[in-house]
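S.K.: Those protein sequence lines, which keep their order, are chains A and B.
Numbers in my numbering are just positions in the first sequence, counted from 1, shifted up by 310.
Numbers in my numbering are just positions in the second sequence, counted from 1, shifted up by 6.
Check the hints yourself; a few may be wrong.
As the list claims (entries may be wrong) - Just a few of them, taken from the derived set where beta-carbon distance is under 7 Å, the chain B residues facing chain A: (1) I131; (2) L171; (3) R174; (4) A178; (5) A181; (6) C185; (7) G199; (8) V200; (9) E202.
It is worth saying that the hints were derived from the structure and are not from the lab.
Glycine is no exception: its CB is placed at the ideal position from the N, C-alpha and C atoms.
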Amino acid sequence: MELQFEGNKPIFQQIADWLADAIIRGDISEEGQIPSITEFSVNYKINPATALKGVNLLVEAGLLYKKRGLGMFVASGAREKLLQQRRQSFYQDFILPLLTEAQQVQLTKEELMQMIERGYPQNDD
Amino acid sequence: MTIELQQVSKRYGSLTALRAATVRFADHKIYGLLGNNGAGKSTMLNLIAGRIFPDAGSIRIDGRPNTEDAALGRLFLMGEKNLFPDEMNIARALRWAERLFPGFDLAYARELAEAFELPVNRKKIKGLSTGYGSIFRIVLTLASRAPHLLFDEPVLGLDAQHRDLFYRLLLAHYAETPCTIILSTHLIAEVSGVIEHAVILRQGQILVDQPREALPAGSREPLASMLAQEGADLQNYFIKLMEEGAKNE
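Take the sequences, apply the hints, and build the full model.
M.R.: The following block contains the structure:
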């Protein structure tokens with residue numbers, strides 16, 4: 311997955327988010343090594359201090375750890391921890407704005423439920 | 007590793023190019039020296055490198071006045087002009103550089119020249135386009151391996167691909183060789199991710215001197231407010247540079 315920076319979020323936050331996404335998707339496995347600070351810096355043309363700040367967010371959260379002289383690795387249990395966090399914020403981040411918009415455009419609860427049904431793949435009947 | 011300016015002023019006739027500038031470049035950081043044409047960026051860099059002299063104030067490099075050779079030997083300025091004879095070919099100029107500058111890494115210079123596809127054997131200095139002239143001076147500056155690297159409008163005349171390559175090689179160099187870097191440019195958005203600290207000049211005075219930390223990818227506050235104020239000027243300047251570049255091709 312390529313990392314594409316957008317204008318609204320600090321770069322270090324985008325680095326941290328990109329790493330978290332990669333761990334959740336399994337692109338970087340637990341106990342697997344993440345790119346070095348120099349790789350982040352050169353590949354994405356960013357200051358190494360910025361890359362380090364992003365990586366450190368995940369270190370502080372116990373999702374990454376450092377092997378001296380070797381680099382940064384994904385902690386075991388990191389994926390589950392991230393999934394739990396994302397699920398907890400799912401209601402706040404996605405369901406509440408969805409309900410607000412549904413009310414504004416006067417969708418009934420039934421119509422909304424139907425739309426959610428429609429969004430799921432058909433093959434589980 | 008410190009470059010320190012104390013109350014440095016420089017006048018050209020009735021024009022004050024730099025007014026009582028006090029600033030410090032240190033700690034192996036990458037600094038952006040930003041501002042419009044005529045803001046005083048080149049004046050500041052040329053003063054630091056001892057190519058021109060201040061009317062007032064002092065400049066120290068690692069604690070020594072920059073009037074001493076030992077102090078000046080600790081920095082390398084990629085200036086606006088090429089300082090080698092016009093008739094010399096590039097390969098020869100690089101060998102000269104090795105003899106002139108202690109610490110100059112000729113093998114690394116050749117590697118860099120190859121990465122940029124600089125025609126070292128075919129071209130004389132005077133035959134280089136604006137872009138390749140910039141590239142030649144970039145190669146010299148990086149290969150100096152000096153602890154302080156100063157770049158004055160380094161990407162002038164470079165196409166998008168070479169600009170991209172420059173930033174990558176610079177960051178790879180920075181990772182490998184500890185150094186303090188000053189990047190002087192009017193292309194604020196382009197360097198905003200690369201720099202760690204921004205010094206913004208306006209009409210010879212320091213307007214901003216602060217870490218870029220937490221500024222988003224695009225040029226945001228306070229760079230954005232500065233761009234909004236001076237955007238038109240920057241654009242005109244850029245158009246002028248493009249025209250000059252086209253003339254020199």
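S.K.: Now look at each hint and say whether the structure bears it out.
M.R.: Each hint, compared with the structure:
For B:I131, the shortest C-beta to C-beta distance to chain A is roughly 29 Å, which exceeds 7 Å, and the interface hint is violated. Interface restraint check: B:L171 against chain A, minimum CB-CB distance 10 Å, threshold 7 Å, status violated. Among the interface hints, the one on B:R174 holds; its C-beta lies about 5 Å from the nearest C-beta in chain A, closer than the 7 Å criterion. Evaluation of the B:A178 hint against chain A yields a held restraint, the C-beta minimum of about 5 Å falling below 7 Å.
A least Cβ separation of about 4 Å between B:A181 and chain A falls short of the 7 Å threshold, and the interface hint therefore holds. The interface hint given for B:C185 is broken, as the beta carbon of that residue sits about 13 Å from the closest beta carbon of chain A, more than 7 Å. The beta carbon of B:G199 comes within 5 Å of a beta carbon in chain A, closer than 7 Å, and the hint placing it at the interface holds. The closest approach between the C-beta of B:V200 and any C-beta of chain A is roughly 6 Å, which is under the 7 Å cut-off, so the hint is satisfied.
Satisfaction of the interface hint for B:E202 is found here, the shortest Cβ-Cβ separation to chain A being roughly 5 Å, below the 7 Å cut-off.
Comparing the model with each numbered hint stated earlier shows that hints 1, 2 and 6 do not hold.
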